[in-house]
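Novice: Note that the sequence shown covers residues 1220 to 1367 in this note's numbering.
Bear in mind the hints are in silico, worked out from the structure with no lab data behind them. Please note that a few of the clues may not be correct.
To be verified - Derived pair list, reagent style DSSO-like, types lysine-lysine, alpha-carbon separation capped at 27 Å:
| id | residue 1 | residue 2 |
| --- | --- | --- |
| 1 | LYS1334 | LYS1221 |
| 2 | LYS1290 | LYS1334 |
| 3 | LYS1286 | LYS1334 |
| 4 | LYS1221 | LYS1286 |
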Amino acid sequence: MKNLLYFKYADLAAQLLALLIPWGYAAFTYDINYFFFGYFTVFIAQIISCMLNSAYLPKVLQLKDRKRYIKTIVGIFVFTLVTAIVLIYIIGMLLVVAFPIIAIWYMVTTFREIKLIRMVMSEGIEFKKSDQLPAQESGQSNDRAKLG
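Using the sequences provided together with the hints, build the complete structure.
Specialist: In structure tokens form, the structure reads like this:
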């Protein structure tokens, strides 16, 4: 669990840098094209990260926001790629506003998962490898509402 927590902190820090670096570089160079390069890079990284989270995070610790988030990201990404050339500029300007909101949503979800993992670690709940559900301890109830 401690390694999982370290990976979540690294994920949170990487997403914060991925949010700030394209904005900072675009503002410093006065070229919005660098921002769009950062936008596509970060979205691809977030999709990969969400897939890894859904594959390796125990089911009890997975938040429903992850599934909603990945559907939203893939939808926006596909919509951006499929739109007509005339609309790309308008949609691109909307993405300048939408990108930070979506990146902050991702970081809030990651922070909530970190908080949940820390709570589980403090309570000493162990997870089985087979079904990724908490192992039942004698005298303690497995209350999912308490975890989420």
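Novice: Now tell me if each hint is right for this structure.
Specialist: Here is how each hint holds up against the structure:
Distance check on the hinted pair: LYS1334 and LYS1221 sit about 13 Å apart at the alpha-carbon level, within 27 Å; holds. Between the alpha carbons of LYS1290 and LYS1334 the distance comes to roughly 23 Å, so the proposed pair stays at or under 27 Å and holds. Taking the CA atoms of LYS1286 and LYS1334, the gap is about 19 Å. The hint holds against a cut of 27 Å. For the hint pairing LYS1221 with LYS1286, the CA-to-CA distance comes to about 24 Å; that is within 27 Å, so the pair holds.
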